[in-house]
Amino acid sequence: MNIARRLFRSPFSRACLSLLLVFALGLVFNADGAFYSWGTHRDMLRQVSVIGILACGMTVVIVSGGIDLSVGSVLGLCAVLFSLLTIRAGWHPAAAAGATLAGGLACGAVSGYLTGRFRIQPFLSTLAMMVFARGIAKWISGGQKISTALQTPDGSYTYVQVPPVFDLLSARIAGGHIAVVTLILAASLVCCGILLSRTRPGRHLYALGGNEEAARYAGIPVLRTTVLAYALSGVLCGVAGICQAAQELQGDPEAGSTYELSAIAMVVIGGTSLRGGEGSVRLTALGILIIGYLEKILSINAVGEETRLMLTGAIIVAAVLLQKKR
Amino acid sequence: MTGRGFIVAALALFTAALAPAQKARWTIGMSQCNLGEPWRVQMNADIRKAAEKHPEITVVYKDAQNDNLRQVAHLEEFVRAGVNLILISPKEAAPLTRPVADAYDRGIPVIVLDRKILGDRYTCFIGADNRKIGRAAGRWIAHFLGGKGNVVELKGLMTSIPGQDRNSGFREGIRGSQVQVAFEADMKWLEPNARKEMESALARLPKIDLVYGHNDPAAHGAYLAAKAAGRAGEMAFVGIDGLPQEGQMYVRQGILSACFEYPTGGGEAIETALAILGGKPVPREITLPSRVYTKENIDRGGEWLPE
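Taken in order, these protein sequences are the chains called A and B. When we follow my numbering, the leftmost residue of the first sequence carries the number 1, and every step to the right adds one. When we follow my numbering, the leftmost residue of the second sequence carries the number 1, and every step to the right adds one.
Just so you know, these hints were derived from the structure itself, not from any lab. A virtual CB, placed ideally from N, CA and C, is assigned to each residue, including glycine. Any given hint might turn out to be false.
[Claimed, not checked] DMTMM-like mimics (lysine to aspartate or glutamate), calculated; alpha carbons at most 20 Å apart, straight line:
hint: 1; chain 1: A; residue 1: 138; chain 2: B; residue 2: 67
hint: 2; chain 1: A; residue 1: 138; chain 2: B; residue 2: 184
hint: 3; chain 1: B; residue 1: 132; chain 2: B; residue 2: 299
hint: 4; chain 1: B; residue 1: 116; chain 2: B; residue 2: 129
hint: 5; chain 1: B; residue 1: 196; chain 2: B; residue 2: 184
hint: 6; chain 1: B; residue 1: 196; chain 2: A; residue 2: 254
hint: 7; chain 1: B; residue 1: 148; chain 2: B; residue 2: 209
[As the list claims (entries may be wrong)] Computed footprint of chain A on chain B; a stretch qualifies when at least three of its residues, placed anywhere within it, have a C-beta under 8 Å from a C-beta of chain A:
hint: 8; segment: 58 to 71
hint: 9; segment: 75 to 81
The task is simple: from the sequences and hints, build the whole structure.
Set out below in C-alpha cells:
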C-alpha cells in the first residue's frame with residue numbers, strides 16, 4: 001500500500017499512469033489491429049505535433065502563473081504570413097520563416113507587456129490578442145486562404161508550384177518513420193525544458209508563478225520575465241503556424257481556431273497546475289501523448305463527433321481528478 | 001469516491017462508444033469533410049440507404065469536422081486498416097490531392113465525391129456539373145430580372161472547386177445582360193456566415209433585386225437577414241442544392257424563387273463502388289444530371305436542365 005501511495009505521489013508518475021491507461025484502452029479497442037501497427041503510432045505523432053508545439057509555449061506561460069488564449073489565432077496569423085511571403089511574394093524560405101517568427105514574437109511580447117506592465121489579467125490580455133490576431137490574419141489575407149490557387153482575370157483558377165520548403169516540412173525522414181514536424185516538436189520540448197529547468201530566467205518563471213509579490217520583493221525582474229514567457233509562446237506559435245501551412249499547403253486565416261483549448265488540455269492533463277509555479281515540460285510531453293493517443297483511438301474506431309466531444313470532456317475531468325493531490 | 005466514480009463513468013462511456021461492428025465481405029471507408037452542412041448529412045444518409053441493400057459491404061463513416069489535416073488522417077487510417085475501397089468528399093482540393101494519390105497508388109480504389117481534387121490519381125469522380133448549374137442559374141436569373149438588376153452573390157468556399165465553378169458558371173450565364181453583381185462575399189457554405197454577409201450587403205446597398213446563394217442555406221440565411229431588415233419583399237432569392245426538406249421546401253413556402261438541384265450522388269457512389277469491387281470497369285467521371293425547381297414546376301418534380 002505504501003509503494004502504491006508513493007507511486008501516485010509524483011505528478012510524473014501519475015501522468016505515466018494516465019498514459020498507460022490510454023495505451024491499454026488502445027490495445028483493447030484496437031480497431032481490428034490498427035493500434036498494433038507501427039504506422040498508426042507514427043501517424044499519431046505527426047498529427048499531434050502542431051498543437052504539441054503550442055503546448056510547449058503554453059507550459060512556459062502557465063508555469064509563470066499566466067495563460068495564453070491567443071495561441072490558436074497567432075498560429076493562424078503566422079500560417080498566413082508564411083504563405084504570403086513564400087507563395088505570393090516569393091521570398092527565400094529562411095527569410096520568410098524569420099519574418100514569421102518575428103511576427104509571432106511581436107504578438108507574444110505585446111500580450112506579455114499588457115499583462116506585466118499594465119497588470120491586465122492574462123486571461124483578458126490574451127483574449128484580446130486572440131481576437132486581434134485573428135483580425136490581422138483576415139486583413140492581410142483579404143479573408144481568403146493563401147493557397148497555390150491563383151484567380152485569373154476571367155474568373156477561373158490556375159495553380160502554381162508548391163514552394164519546396166512546404167514539401168520539406170511535411171516530409172518524413174529516416175525511411176519514412178519520423179515526420180519533420182515531430183522532430184520540430186521534439187526540439188521545442190527540449191528547448192523549453194532546458195529553459196525552465198536549467199536557466200536563471202527559468203527559475204524566475206517558476207518564482208513568478210509561485211507568488212508574484214514575493215518574486216517582486218526578491219528582486220526578480222517581473223516585467224522582463226513576463227514578456228519573455230509570452231514572447232516565447234508567440235515564437236512557438238510562429239513555428240507551429242509554419243508547420244500548419246506546410247501541411248495544409250495553404251495559409252488559412254481561420255487556422256488554429258480552438259487549438260488553444262487542446263494545448264491547455266495537454267498541459268493540464270500532463271499535470272502542470274493552472275495556478276502556476278510548478279510543473280514541467282516533461283509532464284506536457286506526456287500530456288501531448290495522452291491527448292494524441294486518445295484522439296487516435298477515437299479516430300481509428302470511427303467514433304462520431306457527438307460521442308467524441310462528450311468523451312473528451314469526461315476524460316479531461318477524469319484525468320485532472322486522477323492527478324489531484326490527496 | 002467522486003474521482004474514481006468519474007473515471008469509471010468515462011471508461012463506461014468509452015466502452016459503449018467503441019463497441020466493435022459486424023464484419024462483412026467488403027469494407028468501404030467513407031470520409032466526409034464535415035457534417036455541419038445539411039447537404040452532407042443527406043449525402044451520408046443516401047450512402048447509408050444504398051449500402052443497407054447490400055449486406056456484403058460495411059461502410060465505416062468518419063467525419064473530418066471541416067479540418068483538412070483530420071481528413072488526411074482518415075486516409076492514412078483507411079490505408080493502414082486495409083479497406084477495400086475509399087469514398088471521400090474532400091474539403092479542399094490542394095491539401096487532399098497527395099494523400100488521395102498515395103492511397104490510389106497503393107492499390108486502394110478511391111471514389112471522389114462532390115468536390116474535385118487536382119490531377120488524375122483517383123479511380124472515379126462522381127458529382128454534378130457545378131459550372132453547368134451555375135450557368136443555368138445565371139441564365140435563369142438574367143431572364144427573371146428582365147436582363148438587368150442588382151444581384152448579391154453569396155459564394156461558397158472559394159478554395160473548393162464547387163465554389164469556384166458555381167461562381168464562374170454564374171458569371172458566364174449573366175454575360176451579355178446588364179445584371180450586375182453589386183456585392184459578393186464568401187460565406188463558406190454556412191448559413192450563419194451567409195446571414196452576416198447579407199446584413200453587410202443590406203447596409204451597403206439601397207436596392208437589391210436578387211440574392212444568388214451558392215447553396216440553399218446561404219439563400220435562406222440571406223432571406224432571414226432581409227426579413228429582419230424589413231426588405232424581404234423587394235428581392236428574390238435563388239439557391240442551389242434542392243434537398244426535399246430544405247431547398248424544395250423553401251420553394252414551396254415562397255422563400256426561394258428558384259432552386260437548382262445538386263444531387264448528393266450517395267446512391268451512385270455505392271453502385272459504382274460495387275462495380276469496382278466486382279472488377280467491372282467504371283468511367284473516370286460520372287456527371288449527375290440536375291433539375292431546377294420553381295413554384296410552377298415543383299409539383300411536377302421540377303424540370304431537368306438541358307444537357
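* Asked: Can you name, in rising order, the numbers of the hints this structure does not satisfy?
  -> 3
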